[in-house]
Structures are given as structure tokens and as C-alpha cells.
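Bring the two chains, given one by one in their own frames, into a single complex with the hints.
Line order of the protein sequences matches chains A and B. Using full-length UniProt numbering, read the first sequence as starting at 1 and increasing by one per residue. Using full-length UniProt numbering, read the second sequence as starting at 1 and increasing by one per residue.
It should be emphasised that the hints constitute simulated quantities derived from the structure, not laboratory data.
From the structure, some residues in chain A lie toward chain B, with a derived Cβ separation under 8 Å:
#, residue
1, 84
2, 85
3, 224
4, 227
5, 228
6, 234
7, 255
8, 290
9, 296
10, 298
11, 299
12, 300
13, 309
As a list, the in silico DSS-like pairs of lysine-lysine whose alpha-carbon atoms are at most 25 Å apart:
#, chain 1, residue 1, chain 2, residue 2
14, B, 292, B, 313
15, A, 332, A, 353
16, B, 284, A, 354
17, B, 146, B, 165
18, A, 235, B, 284
19, A, 75, B, 284
20, B, 83, B, 111
21, B, 313, B, 264
22, B, 145, B, 111
23, B, 165, B, 145
24, B, 292, A, 235
25, B, 264, B, 347
Where a beta carbon is used, it is the ideal one built from N, C-alpha and C, also for glycine.
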Amino acid sequence: MAETAENHEVSDVVPSTAETTAEVEAVLDAPVDRGEPILQVRNLVKHFPLTQGILFKKQIGAVKAVDGISFDLYKGETLGIVGESGCGKSTVAKLLMTLETATSGEVFYKGQDITRLSGRALKAVRRNIQMVFQDPYTSLNPRMTVGDIIGEPFDIHPEVAPKGDRRKRVQELLDVVGLNPEYINRYPHQFSGGQRQRIGIARGLALNPEVIICDEPVSALDVSVQAQVINLMGKLQDEFELSYVFIAHDLSIVRHISDRVGVMYLGKMAEIGTDSEIYDHPTHPYTQALLSAVPVPDPAAREGRDRIILTGDVPSPANPPSGCRFRTRCWKAQDKCAEEVPLLAVPEVFAGKKTLAAHESACHFAEERDVVHAA
Amino acid sequence: MTTMEKTANVPEPRATDDGGTPLLEVRDLHVEFHTRDGVAKAVNGVNYSVNAGETLAVLGESGSGKSVTAQAIMGILDMPPGKIPQGEILFRGQDMLKMSAEERRKLRGSKIAMIFQDALSSLNPVLSVGYQLGEMFRVHQGLSKKEARAKAVELMDRVRIPAAKERVNDYPHQFSGGMRQRIMIAMALALEPDLIIADEPTTALDVTVQAQVMDLLAELQREYNMGLILITHDLGVVADVADKIAVMYAGRIVETAPVGELYKRPAHPYTRGLLDSIPRLDQKGQELYAIKGLPPNLLNIPTGCAFNPRCPKAQDICRTETPALAPVTEADGSELTGRGSACHFWKETIHG
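In isolation and in its complexed conformation, chain B is listed as follows (with noise of 0.2 Å):
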């Protein structure tokens, strides 16, 4: 258990030393919903897994199913109506799912943390920040109030608050939209966890915060050598932080490469869609390419690749076969490390 003088002080990075597994592991994770309208399949089949200190982005429209995944490694999602039929999610070599609840319980908060996207709907508005900053402490530590805010205190200090020891007893209220997200972040990073899933920590938030929040969190993100799962659907600010990508699609992960090869060289429709579709700020475009039609309605996911209904390279095989996320290669067969793509004509999207 951490002590006082750890978080004080700059903790040792931690050492890699589960020899190759991942921090994290999702293996061919389903989720569903039961609605009275049927059966809206939010998860179909993801694969991802995250190292310490690396930064995973996963992108996405609304309704990808990139939040439910997150929920569903928090083991926060509501059950029912949310069903995970089928599927592995690995910590460090074991499966959450198959976990009890007060096994998980223990993990949560302690070895996984979340940042979710809206921090003035995720602050208790009756309780004082340092009051929820410091519960970390009580529930997990068995702090006593004094100690739990002293904690907060410090907290509030790491992720650099102004004046903390006077602001620990305002209430979320009180704090500008920035300041509220370095709570949400302090409160994440009260464990000091091995693995932190942000959701949308930014969206709310102006540019100029957004680069000091961003800053703030790799920043950290280093320091403890954290895993980071970063959900976003701002291409902008994944190109600033992460190391690799996986792009999400109706509930399947349709593309997945490191983070310079992505903008570089798409190798599904979908991305290079979403990547022509946004105007650019170092210079004035004609039209923008738009991505015909709408995302596809959960409850009924069109046959094949979700994405045909909109693809400009869509072909009968399309409709009828659904392409697995397999391995992108050079030109000349050589072998791209880490990309994938979910298209039956990558080839074509990334060469041609």
C-alpha cells in the first residue's frame, strides 16, 4: 500500500515484469442490450490490448461502441439490460469477467481508473471536492478523514490546482470546466493505477484548457508509467498523444496502426473517409468530402461490413461477407507491425 511519503515524493516508475502479457487484454468482447425494440448489439468482437505507459486511442462516431467497451473493462455497465454474451477481458493475465464482485471491486479504483468526459455531472454537487477526493483513500486505505484529506490535498496539488490547501473544502460548483477535469483526474490518479481509461476527458473543455488538461495527463501518464486507454472521437488530439490507434465502427474495431501510419496511409474507407471529411486549420479547402448517409441503427446492423451502406468502394462481398480484421501489409508482402484492417479491399485503399 502506498504511504504518505510515496505519493510525496516521485514515485519509481514501475518495472515490467509480467514478461510480454499485456496490462490489459480484450479478447473478442460482445455486448448487448435488451430493449423492448430487440436486441441492440453495441460490442461485436473487439480485440485490444494496452501496455504500461503506452497509449491506446480508441475513435470513434457516437454509437461505435467505444464507451461501452470501457464500461464494460470498469465493470460499470448496467446489467441488465447490458449482456456480455461472450468474450475475455484480461488484467494482467486474468479474466475480469470470470472475477466476483468483490475481487473486482478491489481492482477498480485501485488498479483501473476512469475519467469520464463530463466532470460538473460526475462530481457529487453536495459533497466538497477534497470530501470526494479523499473517499479513495477511506474506502480503499481505511484513512481516517484527516489523513484522506490531507491526501486530497496533495492530490490537488499534483495536478497542479491553484491554492489547494484553501480550495480542498469548495464544492465542484465552484471550479471553472478545467479545474473540474483536473479533480476528475486527481481523483483517477488517487491509487496511482496501472491502467487509465479516459472517456472524452476533453470535449467539454476549451482548446487552450484542453492542451493544458492534456499536457497534465501525459505528463503523469509518464511519471507513473501508466496505461492509458484514450476515447475520443477529435482526430486532432489523437495525433498529439497516442501511440497506436484502433478506429471503431458499429461495435468492431474496423482499423488498427501505430499513430503516424494511420494518418499517413488509411487502409479502411471508413478512416480515410473520417480523415478527408475535417477542414484543416494551416490551410483553406474547397468542399469537404462527406461521408454519405447516417451511422448504422444498433438493433439492426446491416449484413456483411457494417460500413457498406456507405462505402464508396463497396462491392457484393460486401454485403454478404463480413471481413475480419487481418493483417496490413507492404506493397511487396513485407510486414507492417501492429496495423490491421477490417476491409475485403485494404489493398486497394492503402496502395491504390
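Chain A with its partners taken away, still in its complex shape (with noise of 0.2 Å):
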């Protein structure tokens, strides 16, 4: 769908031709190259059934949580996602980490398209792609130390740090996140907010993965230890070459953070360019009133910015609008969005045009609207 002739964001896949789980696991660890596509997502789609009856269930109807997204992650990038609450975006999270079995579609990770591998091959694709999720609180067992819950995944993939070197590769691993190597046999706990999170990362780290997923990573903390935290977040993708998809609700976060950033609403990408195309020219009216809406530190901003409130809730992702999803909320809604579901493709007006303006967006009627800078 995404993959139209003047489609330049996202690029060709290239499968790879491995057959056996040898080669495939030879492919899995073959380096990319800085700037090279790591993970290419295609058409993805999640539908979750919703069934009637206990014994005979019967389906009768489906939760379409994520409904055919396309985005390429680069070696060494951010790609952030915004959106609602209920946009699919920590779907796509679990989809990227094969926690959910896709219904439709496909992730390449290097070429090889990971939601069709089991056994070895799919334990291969984890050890590379890892997790740090948002509650720091409930993601950690309480029963266990600090350097069982930092070494687990030594126990499921021992041939990345042998036996006896476990412990000291975890104490060096509590070092790399600025936590004190001697914290080692304390509990969960015994740690703050902002803490657990860093053995959360450290626990993301333990395998050297190349891609990390963070789902709100630090929506759940203080302000002054937020800092703290995406700063590391960043000292770490340069020393390891990380390639983060930064998951968030939090705009102003999302943008200090990613090189790209793609804004999802109702399952569906809205919009994607850099960051300066979607929070400097943003064309997607979704986009627009999602920035508009974000309350700006800065009190004389306040009569000079463009204030869009939208009406409504997000409709349900069991019944979603025809066309364009967006359409119930929007005011620039005629006809033909109700008809025609709009491409994510760079907007005809702009086609061509050397202006940041033209990014992929999904809009039917798409212009430039600032709504960040005051007037």
C-alpha cells in the first residue's frame, strides 16, 4: 500500500534467501552498516477477535488494533511513535518483538522476515531485539536481585557471556547505566522510580541487542529523573549503536529524542517524516491538533499559539470509520474522506517540492499548518 513510485521514505526489501536455521541465524548476525535499514515493517496488521458463547465461540467481529503500517528503522536511529491511548502503538511494540503473532504482513529484521520464524531461528531475532517497558513498578519481580533479574537472559542465551563471567558482565552492566556495581544482591524495592527503570535498560542491554523497543520509557517517572534517563537512553545508542522505535504519548519528549517520528492514530500511520517535517510543517490535520494540544512551558505562548480542540474520543478500533479514520474528528471532513481511505504517500500539493512539507502523511487534503511556534 505504502510502496508507491514516489514513495521515497520507505525503501525496497531486499528478503534474504536463507533456507535452513543455520543460514538464517548466519543472516540474523551479519552487521548493517550505520544508516542502513535494520527492520522494515510492511503492511502490518493485528486484528484481535471478539467472540460470542463460552463453549462454541463463535466470531463476531475483530479489534483492529494496528491495520497495516509500513516504516523502515535505520541502523543507529530513533524512530518515535506518537499517538493515543488505543492507536496500536504498543501493539506494534509487542508485533516488533514477535510477542504477538501478526495476522497479516511482514517485519524484515536484515531481510529476513521475522514474523515466519520459530524454534532457534526466532530465538536468534530475539537476543537482538529487546524490551524496555513503562512501569518500572511492575516489570521487575520483586523476588528477585538485581543480578538475577539483569542476568535472566544470560540463562536463555548462554553463549553470550559464559557461566562464570556472568556476574562481573552484570556488574558492568549496572555501571554502564550509572547504577553502583555493589547493588548487585539488592532487591527491586530498595530502588527508586527512576533506578528501576535504569535495571530495566540494563536488563534490555544484557544480550547486545541492535534494536530496542521502548515503550514509555519514562512516562511513569519525575520529571527531574526523566531527564536523567533519556539522557542516558542517548549516551547509550551512541556507545552501542542502538537503533531505539520510542514509543510515547509525550510530544515534546518524542521529539528531543527521535531522528523520525510517525504519528499513529486509530491502527493506522497518519503521518511520518523527521522531526522537524512533522513538528515544523506537520500536513496531517491529526498531527496538527495532537501538537496544538500539547501545553508549551511557556506562559507568553499562550495567546500566541494556534489552538485546534478536537471534539470526541478516538472511536472504537472494533468499529473504525470508513476512509479515513481521522474523518469524525476532523474539520477539514468532506465526502470523499468518508469514501476513499487516504495513502500514506508524500501529499500531491507537495510533490517535488523542495519544502520539509513533503513527508508522507495520509490525508486527502493535506496543507502546512504550523501550530507549534507562536505567531
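Okay, here's the thing in C-alpha cells:
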């Protein structure tokens, strides 16, 4: 769908020809150059069935959590994904981790479609794609010591750290994330929220992954601690050449950390581009509304800013509107929006023009509107 | 007492008849919790005041005592383990801490109301929202069930819940997060209180919904000329709606200022650090400034200025002497109304 001719963002997938498990593993271990795509997501769909009845379950519909999204993640970059709750951002994270099975579509990791892998090959993929979770209070087992938590990945992937080395390796990891290596025998409750999130990050780093999926990694933290964790993540990215998929609802933080940003609405990608394209030159009405609603910590900007207040809530993903999914809340909606699904592509008005507004946006009536800067 | 037609039409704004007495004044309030591990000093001498029609934002991180202060004002602190050893809470000049439980109960809900953060856990899941909204009228005004339900529909209309008549018998789980928060607001507004305390009213909501809810709250506040205490950690929300700000740290107010002033020229290193540590929406910055260290443990607050272990400006005096909230002036000594800073070096922070 997104792979149209004028589309320059989504690169061509070169599928790997590996057949046997050993070949696949070799492909997965091959290095990727900086700036080359490492993850390529194509028309990814996840529908959760809605069933009725207890014994003879009958499907009566589906929650279309993710409904055909495509994007690339390049080596060493951060792709931010923003959107309101219920738009499918976390489902995307789970699909990338292969914690959920995709209904259709592909996720290519180094040219290998990981949605179809199983067994040893899948295990190798999981070693390279790790996750940092939102809530540092529930994502750490309270009965395990920090050393056990961070070292647990080594039990599953013993080839990364030989048995005798593990304790040393865990202490190194604690040091890397800015915790005292002597804390190895402490339990999670002895740490504050920010420190726990550091433990979560250390666990994510344990297997030397290439991609880290961060699902709202700082939203549970206090403002002063948030900055510490964000800076740490930036430092680690440079140090280990990590690629991040950074999922969050705080648009200021996403801009700060991301090289490119995708805006999701109700299971679809509404707009995707570099941080400046999205924040300074948004062309999709939803992005504009979302950005204009962010309260800016500057009272002088109270008056000067263009404010768009959307009416209503996000519609149910079990029964999304026809055509453009945003049309029920959009002030520009016309008949065409109800009939035709807008494709995620560079809008015709901007095609070929040398402007930052020329990025992919799924709107029939895309136009540029600056909502972030005070007039 | 309010009558049917009074809520139906827009009520007259209340006259500020008290000749200068603020609507609510908190004086030297202390709250402590007696726990197994020792005494946690959650609030250590807080002073603030709110007038009718005014919005005071109380800004602080978790554990700074902002919510505990609000609970003490509402009289909903768990005592024990909570204890108020010292302080006054004056509502229209009367000390609420000296009132009997019955007197306070009459104020609560009808004169001072509270909006809580998490609407789903603050609403009773087994009662319809209409019943819960109507409870205010049944208990405080002795209306019948039928009358109370009619009032509930009216209230839901006021906070712009679509199809209020059809939805009055729905249960909390049938509403979205934003709608639930509107119900909480409706409940707080039910008896047209003089003061509303909103404890992180939009923290659990998406930005687009947050904007709707904050707009609604501001509009209703203007209409009823209520005082509003907005408790939050979000510097953005504060900039949008507040008139004046009190920044709290470790149970004390460390800085007070009118909203514009605080963002332009913070007079306390903690406020400055907070402002520098938030990323900006309108430009891409380099590395964020991060306040080092962690907020203090309330069982063991550092001596002197509680912020001293994290402060870039800390000197010996900061470790020994607790700075009082002193008035902040211009460099030439002229007065800055409403500004105060509890820092030994506020002059250097604001002017240097």
C-alpha cells in the first residue's frame, strides 16, 4: 500500500534467501552499516478477534488494533511513535518483539521475515531485539535480586556470557546504566522509580541487542528523573550503536530523542517524517491537532499559539469509521474522506517540491500549518 | 440553597464580600505520618492562599507533599497514621482544623470540593453515574431520588457529556477516560462550591482530551467565580491555566510567583532545574539538563535546605540553615508582588 512510486521513505526490501536454520542465524548475526535499514515493517496487521459464546466460540468481529502500517527503522536511529491511547502503538511494539503473532504483513529484520520464524531462528532474533517497559514497578520481579533480573537473559542465551563471567558482566551493565555495581544483591523495592528504570534498561542491554523497543520508558517517572533517563538512553545509543523504536505519548520528549517520528491514529500511520518535518511542518490535521493540544511551559505562548481543540474521543477500533479514520473528528472532512482511504504518501500538492512539508501524510486535503511556534 | 432554576441558568457570580480575607488560607501547616520506620514529615510549614476566581497551581514531584496538603484541606487524611501537629487552614477566616467533624462534613462537597486524578478508581463501579452524581443532592440537600436524578442529568449536560439523558444510568466503565473525568468534574461542581481542589486532573488523559478537560474546567471556574487549586507536576498545564504558582519540594514551598514571572526568571535553583530539564516542542535541543540525585526520603530530610544535596549552588550555609520563604525583589530593591523564594542565594539565581 505504501510502496508507491513517489514514495521515498520506505525502501525496497531485499528478502534474504536463507533456507536452513543455520543460514538464517548467519543472516541475523551479520552486521548492518549505519544508515542502512535494520527493521522493515510492511503492511503489518493485527486484529484481535471478538468472540461470543463460551463453548462454541463464534467470531463476531475484530478489534483492528493495527491495520496495515509500514515503516523502516535504520541502524543507529531513533524512530518515535506517538498517538493517543488505543491507537495501537503498544501492539506495534509487541508485534516487533514477536510477542504477538501478526494477522498479516511482514516484519523484515535484516531482510528476514521474523513473523514466520520459529524455534532457534526466532530465539536468535529475540536476542537482537529487546524491550524496555513502561512501568518500572511491575516489570521487575520483586522476589529476584537485581543481579538475577539483569542476568536472567543469560540463562536463555548462554552463548552471550559464559557461566563464570556472568556476575562480572552484570556488574558492568550496572555501571553502564549509572548504578553502583555493589547493588547487585539488592531487591527492586530498594530502588527509586528512576533507578528501577535503569535496571530495566540494563536488562534490555544484557544481550548486546541491536534494536531496543521502548514502550513509554519515562512516562512513569518524575520530571527531574525523566531527564536523567533520557540522557542515559542517548548516551547508550551512541556507545552501542543502538536503534530505538521509542513509543510515547509525550510529544516533547519524542521530539527530543527521535530522528524520525511516526504519528499513529486508530491502527494506521497518519504521518511520518523527520522530527522537523513533523513538528515544524505538519500536514496531517490529526498531527496538527495533537501538537496544538500540548501545553507548552511558556505562559507567553498562551496567546500566540494556534489551538485546535478536537471534539469527542477516539472511535472504537472494533468499528472504525470508513475511509479516513480521522474524519469523524476532523474539521476538514468532506464526502471523499468517508469513501476513500487516504494513502500514506507524499501529498500531490507537495510532490517534487523542495520543502519540509513534502513528507508522507495520509490525508486527502493535506496542507501545512504551524501549530507549535507562537505567531 | 440552590433551586432548580438556578442551576439551569447561569448563576450570578459570587460577590467577593469578605473585604480582603482570602477564600482559603493555609498557615504554617505541618503534616506527619507515624510509620513503623519513623516519622515521615510530609508537609513542613506550608503557607498559601487562594481568592475567589483565582487559580493557584501547586507544582511538585511525587513525595513533595502537594497532595497531602490538599487532603489536609479537604479533611480526608487518614488519621492515624497522619497527624497535623501544627498549622491553620482558614476558610473565609474560620479555622477548619478547629471545627467539629459535623461542621467540616457540611463544608466538604458544598463549599470545598475535590477532583481526583484517577477517575476510574474514584468512581464506584457498581453504582450508575447518575446515582453517584445525585448522591450530593440527596445527602446535602435532601432531595428525592427522582429530583436528584434530574439534577444529575443537568450536571452531565453542563460538563458537555453527549446524550446525558440516555447515559445517566450507565456505569463508569461504559465511559471513556475523558468522559469519566468530566463526571468527576460534574460531581465536584454539583453544589457550586466556592473552592475546587483538582489533584492532577488530567494526568491520566491523552493530550487532546486533556485540552478539552482543562478548557472546560477553566470555563466553569470563570462562570462560577470559583477558587481553584490545581495540583500537578506538569509545567505545561500550569503555564496554560494558572494565575500564580507555588513550587513544593520535600514538604515546603520553595518558590511562589505569578505564572509569567516564574517561567521567565525562576528564583530558586530547583525551579530553574525543573524548567531546564523539560524538552521543548518547538525546537530540538542538545542534551537535557538533569537535576542530579533523587528527591529526599521524607523519613530523613537533609538538614538545612532540603534541596542542598542536589543543588549546583549549595554552600556550607545551605547544609546548616533552613532558608525561609523570603520576598524576592528586583536588583534595585523594588518590590515584586507575590514573589518569594526559599533559597539563601535567590539573588544570584534570579539576577545572576
